[in-house]
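With the sequences and hints as input, model every part of the structure.
Listed here are the chains, written in short residue letters.
Protein chains: 6
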Amino acid sequence: METDLPEAELWAHRSSQTEPDGLDAFWAGTLARSRAAGGEVRLEPVGTVLRTVEVDDVTFPGYDGEPVRAWLRRPVTALRGDGPLPVVVEYVGYGGGRGRPEESLLWASAGYAHLHVDTRGQGAVWSRGDTPDSGPAGPQVPGVMTRGVTAPETYYYRRLFADAARAVDAARSLDGLDPARVAVVGRSQGGAAAIAAAALVPDVSAVVAMVPFLCDVPRALRITDADPFAEVVRYLATHRDEVDAVLATLAHVDGVNLARRGRAPALFSAALMDAVVPPSTVFGAYHAYGGPKRMSVWPYNGHEGGGVDDDRAAVDFVREHLGG
Amino acid sequence: METDLPEAELWAHRSSQTEPDGLDAFWAGTLARSRAAGGEVRLEPVGTVLRTVEVDDVTFPGYDGEPVRAWLRRPVTALRGDGPLPVVVEYVGYGGGRGRPEESLLWASAGYAHLHVDTRGQGAVWSRGDTPDSGPAGPQVPGVMTRGVTAPETYYYRRLFADAARAVDAARSLDGLDPARVAVVGRSQGGAAAIAAAALVPDVSAVVAMVPFLCDVPRALRITDADPFAEVVRYLATHRDEVDAVLATLAHVDGVNLARRGRAPALFSAALMDAVVPPSTVFGAYHAYGGPKRMSVWPYNGHEGGGVDDDRAAVDFVREHLGG
Amino acid sequence: METDLPEAELWAHRSSQTEPDGLDAFWAGTLARSRAAGGEVRLEPVGTVLRTVEVDDVTFPGYDGEPVRAWLRRPVTALRGDGPLPVVVEYVGYGGGRGRPEESLLWASAGYAHLHVDTRGQGAVWSRGDTPDSGPAGPQVPGVMTRGVTAPETYYYRRLFADAARAVDAARSLDGLDPARVAVVGRSQGGAAAIAAAALVPDVSAVVAMVPFLCDVPRALRITDADPFAEVVRYLATHRDEVDAVLATLAHVDGVNLARRGRAPALFSAALMDAVVPPSTVFGAYHAYGGPKRMSVWPYNGHEGGGVDDDRAAVDFVREHLGG
Amino acid sequence: METDLPEAELWAHRSSQTEPDGLDAFWAGTLARSRAAGGEVRLEPVGTVLRTVEVDDVTFPGYDGEPVRAWLRRPVTALRGDGPLPVVVEYVGYGGGRGRPEESLLWASAGYAHLHVDTRGQGAVWSRGDTPDSGPAGPQVPGVMTRGVTAPETYYYRRLFADAARAVDAARSLDGLDPARVAVVGRSQGGAAAIAAAALVPDVSAVVAMVPFLCDVPRALRITDADPFAEVVRYLATHRDEVDAVLATLAHVDGVNLARRGRAPALFSAALMDAVVPPSTVFGAYHAYGGPKRMSVWPYNGHEGGGVDDDRAAVDFVREHLGG
Amino acid sequence: METDLPEAELWAHRSSQTEPDGLDAFWAGTLARSRAAGGEVRLEPVGTVLRTVEVDDVTFPGYDGEPVRAWLRRPVTALRGDGPLPVVVEYVGYGGGRGRPEESLLWASAGYAHLHVDTRGQGAVWSRGDTPDSGPAGPQVPGVMTRGVTAPETYYYRRLFADAARAVDAARSLDGLDPARVAVVGRSQGGAAAIAAAALVPDVSAVVAMVPFLCDVPRALRITDADPFAEVVRYLATHRDEVDAVLATLAHVDGVNLARRGRAPALFSAALMDAVVPPSTVFGAYHAYGGPKRMSVWPYNGHEGGGVDDDRAAVDFVREHLGG
Amino acid sequence: METDLPEAELWAHRSSQTEPDGLDAFWAGTLARSRAAGGEVRLEPVGTVLRTVEVDDVTFPGYDGEPVRAWLRRPVTALRGDGPLPVVVEYVGYGGGRGRPEESLLWASAGYAHLHVDTRGQGAVWSRGDTPDSGPAGPQVPGVMTRGVTAPETYYYRRLFADAARAVDAARSLDGLDPARVAVVGRSQGGAAAIAAAALVPDVSAVVAMVPFLCDVPRALRITDADPFAEVVRYLATHRDEVDAVLATLAHVDGVNLARRGRAPALFSAALMDAVVPPSTVFGAYHAYGGPKRMSVWPYNGHEGGGVDDDRAAVDFVREHLGG
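Chains as they are written, first to last, in our numbering: chain A, 17 to 340; chain B, 17 to 340; chain C, 17 to 340; chain D, 17 to 340; chain E, 17 to 340; chain F, 17 to 340.
These are computed hints drawn from the structure, not numbers from a lab. Please note: incorrect hints may appear among the correct ones.
For identical chains, the list gives no copy identity; a pair is met inside one copy or between any two copies.
[Unchecked claim] Below, computed lysine to any residue pairings styled on SDA-like, alpha-carbon distance capped at 25 Å:
id, residue 1, residue 2
1, K309, P61
2, K309, T64
3, K309, D325
4, K309, R58
5, K309, V65
6, K309, D257
7, K309, R256
8, K309, G340
9, K309, A329
10, K309, D191
11, K309, A94
12, K309, D243
Now the structure itself:
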């Protein structure tokens, strides 16, 4: 059944999330500091069972220069043209990591260089990962939603979103990849990271945020009892005196606030029966988004959203804006 | 937690399933009749977003010549060598269908012709399908496990397994595919179909049955309460006087009985925490299997089994026996 | 808790379901074709443990003349008066069949001829059935809600509702039963069939639709996540491009549209805590109903509705309109 | 799935429940005291919608003479022969009461006088009742399993089983009913009451105990976590120092101990997938039973046991021993 | 997620519960009769493992003089000043009893005499009790919510709330306790009892009702499906003709009606994610409360409400009004 | 129901867990390094609502000298004798922290100095905490069970158990506390920490491990599907190639291996219906324990074990060995 407002009301709905003071400075500082930390992008070819796609194991400097892993999948040389390849940087959903090299073959099979970015400190629930999170794990609810949540400076998603932005930097630095044609894409938490990357690196060429998580968090806490949002609720249920601090931290990473800073053409999707990411939170970010935008609404889907149909639309959308 | 016997006992366990009289005649007749029904294999190229893989929409004559759909995915011409391609015929798990052309890119990306066979009358729960089932739907529990289950002649899996065998025939008839190098593979219900295909077409080159379903059914009914096995239990709970007839029907499609007829090299997998397909039922089929065989045991997995690690092993195993 | 609008709003609520073009022609054609198919009504006495009620095993021609089973229960001869008996034709809820002859003794014990109609292709979940469904089972979700749902012509409920109308024809043809005094009754799916029968055979003498299913389907899909409505949702979740076709099919069998065509006195019931059949969907059909009508509202019941109290009211209502 | 020992082991299994000292004296005293309390059996005709069965509202003196309600259903006069009717006294399952007069028409329709005994203090969960329980409600878990459980004298089931025995006395006292032909029957808790009645009034003519509850309680507490047995577990989880007293009380009402005292021909049933009443507890009582006996085993059923098939077998069994 | 109205609407919401005729007379009569029944308050010192707190086992005359148990915990003599101690009378939540003497040390450790009152007929689910309920247990749903619910005179909560008021009388009668400084406190059902005690003994010095149960029952039945409110729903689902009588009974114990009669300073709390006691029902009682009042709102808590933070606020609030 | 072996078999059962090479060196090194890191124990008095107990906020150097928080609760001065107080160091269960100062008053009320140690990086699920965990959070399942689990050196429980041992050091260093009389106690994870502390600081005076977690981990993974053990299963389900490394790490913290090193008198408890910590795992540690020992078995409890009855026994046991 529908989990949120009727579709007509979603189109009219605007989020009441507000911007914290110093939001731009916070992110500018985070990114500057991470870039200043230096570090190099390393590629190591990986042996796989594949014959149409080749894969490199990538290590790039993320938040504060900390090493983050990724796969770079590309069509084999015989299938590449002369010029550099357009690039799709993809971020992963909650609990997952970059997986195995043989997974997620769509983007490379569609002709793109595909930088599939690992998720720090996750990567053990539905797909494996290889990147640790460096941050201190204060008193928290299991999961990452409340790791360091009492201040923006220590919050987990500061580090994850800095990784996301630095992944674009990494992609642009690689031989054979076209720095002028980079798209950022993701589903759920990966969609949140895509919105964040588009806010922090506004000159990317396209954004695809499918059923993006972490938008309009105050509203989400009130209207869903599903994880990961509910991790925050459980935290506040015992740390009753930290409500203001926690909501202030979350405002720094909220997709509504970050979407305002995006400029690239964007494709969103939302599902009317999504109990994990209520569609009104996605619409909140969508309406706030600062660039040209389009929305796919899936009336009978849950958090899987459009699934492969979202994926096919994503390739078409990326092709429209990056060519390839 | 473990759902069945400890691993050491699984290696010693033998199924007590018995063969019904006339089993060979039943299947020989089914296959003969289906082949006699004729019908042609039709290919229609499909436009996709892909650049490394090309896809055809296949319709082939299945049980009694009824049209069954499949996708044929192949590396694009530039990546094929001179000779015909080795072929992997894949069957799908319970509730799913062949999906969209852009899904399941592993086998084609690994260099094989990949005939991804649709599942008659399923294909709406976790992936879409396009093939109807022709059979009469007698009084039954929702699902296909009890469709026509009162006699082997009317049972759903007679039709599905005939489709599976005829898919091998179809693959062998196509230009550019090597009829001497065909593997049959699948997971769960798809694994059951692979075992059945290997029994009905024993000269295939390799079989991969990952956490295969529908083996040692009498035992499965007693030790698991998960669907789809539990559909049969619910049926027998109201049709209390049909127990003998139903068990007799099921013996005709039981993986233990069919595995005895397989001759090609086979790779099985079983998971010790699998509540859907208890591992002892897989071992029952494994120990009965009539050809050279190997077993992967996943001690901490449920019905996902080895997941992508099973897939990678499957490609290696197929490469070992088909080349390519 | 209440699952839908407060009672006061239910009385004011009107469904927004609309009629598809050609609805009358569709059903007229269906019924004409079924009647034209001929077939005879056969009765075979059944031995039971009963002494006050005698039972016949009935086979009558349903949709397209296909044989449908039923029980005919009647008071033993000593208790019948001189004239023909008034008749109650009862339809069964989702998943059930006509059961055993010794079940459902109320109507015969109340003095009526009771034609208890089997449900094609169901009859294995909570009571047994004996009638197969002939239709092709296209890609579908387990259950019958999406069987053939892509077109009205192939949809399961076309066949079931034709059976329902033809059961009235059958009852009217039998010796000792009064063709001028026939009521159609049912609960849940059986209530939907009763509404359908009253639309297709408008000269029946009374209709009882207790917590009737399959009314205002578009609304139901949005507001309940319980099966069987949710079967349609799951189908549309993978077949995203078939929404329009599926909703058009469903409009042909929607109780709101069929209720408009009913003329006989009708008794409905609805339960405010019904999570399976939300009461607003029942009120949608009730308000649309074309004949004299009455509604029982059960404020603290779920889908069991008024249970035995509904049944007692049903007998009183039937007695009021059929005598006996 | 099976919830207990395999069937072969059930046939060999014997309960280790032991008899408390003074068990016969306890029940003899209880029954003597209840009979001494006097009280009369009152019948009041009830208006119903029925034409083949007539119903009286019965009040009879139960435990300590306290008034207990029942329905007496009989075929209408025209269907009765000359002599007195054989009688079936039926007891009800946990949470239910005698319901409405129009329910449970099987026994009267089969030609028997049917005394359908209400359940003191229950009758509100799945069917309604009209009889209060007089006993003090000490600290207890919701439900009746631990009401007064610290001593046999105050335990709920002492009162309920005295009611059960006194219901036989009541039936024997009524005009038109044959005191020499009385059967006691029931399902689940009703089966426990039937065993108890057969122990306390050993000259009844037949006993039917379908999936009877409350047998081999110590074993049941260890092997099932379903209510009502689990009510006792929850009680002992907080009243840890009362284990011995509680188990001693329960031994006074345990079906294994009471079954030893039965002498009439008995029909039991057990279901191998019953999670509420594990079949080994039924077999414990069955093997202990002191009269001629027969057992129906339902391999694929849960606590519904044989359902209507059990009912039909019950009528046949009663007919075999009571005629009628 | 939030289970009820948004906080802003809660502040504006007023309950539509109405007062039954004769409410004051009903309670005055109940209390008069209970006081007239006499009985003495008995204390017996209890040996415990404690060194800072001493405990007496109290028996006091409750409803109709029936003996009710309690613990009296006090700081050891060395820590008491010269004058009599202020007293906190605490009532317990649903299913629990007074527990063990070593539990619930907060109030005595905070310097108060703590009379921890047992709950008649409960005390077996999450903490143990020692007091039986005397009332007849008519047909009812497991639990106490429907025990005797067909009339105010026989209803369980009449007895429990009379116990609550008589506990204040008992506390006031004890040497060393200050009868002029008594607070009544409780959580959930204990909060309902505190409201009731404050209505029946309006000169208590303070009231603390944390997430109080049993307020605005008609609304609660409509908006929550959690026990214990849902016990009433299940009762009405089978006793459909008793709705008016049951609601009339419940109005006699409804916290909204009783709160109107309170005069002492009161501290309430409510939790916006409470699915057991919806916050609007608490606000209904709060807005109706007849004395000075304060409300703590916990936005991210369920039925645990403010937990230890509620407790700390309760001590502060009691200190403010009782000193000590 | 019972979740594991029958009690008689538990007494005979011995764990097959084995010791990793270098276990003593691993822990000796860990402790030496932590002690060498220095750091001071700081106390800050806390204002509370209490009058019989005073509380200090403690910060002590834990693993590698990292600051760990605790509460020190003591009877107020007036209640202390002349000599130093015996000390109870308590560790907390999974997900919880030290909570609020006003919670957990038993030990101080019983006359002991009570050092209630916080849990690094937890303290947000059922009680709050204030201590962060420093360790890197590699790819992991939500929770701490797999944090750093690929090597003993980086594993979370290395740090937690070092904190536990260092808490004893801290207690011994404080004025007014008797370094010769220190007991370590805990429930579940807290019981695991108590066993660990007793292994690392074998001259403590007593150990109480109630339903201790983390014993015989390999067996636990096989026989329970409850968290937190199941976190490891989920990790291994995606990181299939790390089974050996993970099990080797877990052997370093397994309660069976650590219990062998304990020498102080120990009280264990186990519950036969415990689904979270199967009793055979507790018995495994119990039988391995190297000092005098006693076991409480709770036959009808789940993971709450003996609850307050365990607590009372714990105080008695501690009194027996520490006096006070």
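Identify every previously stated hint that the structure contradicts and give their numbers, smallest first.
1, 4, 10, 11 and 12
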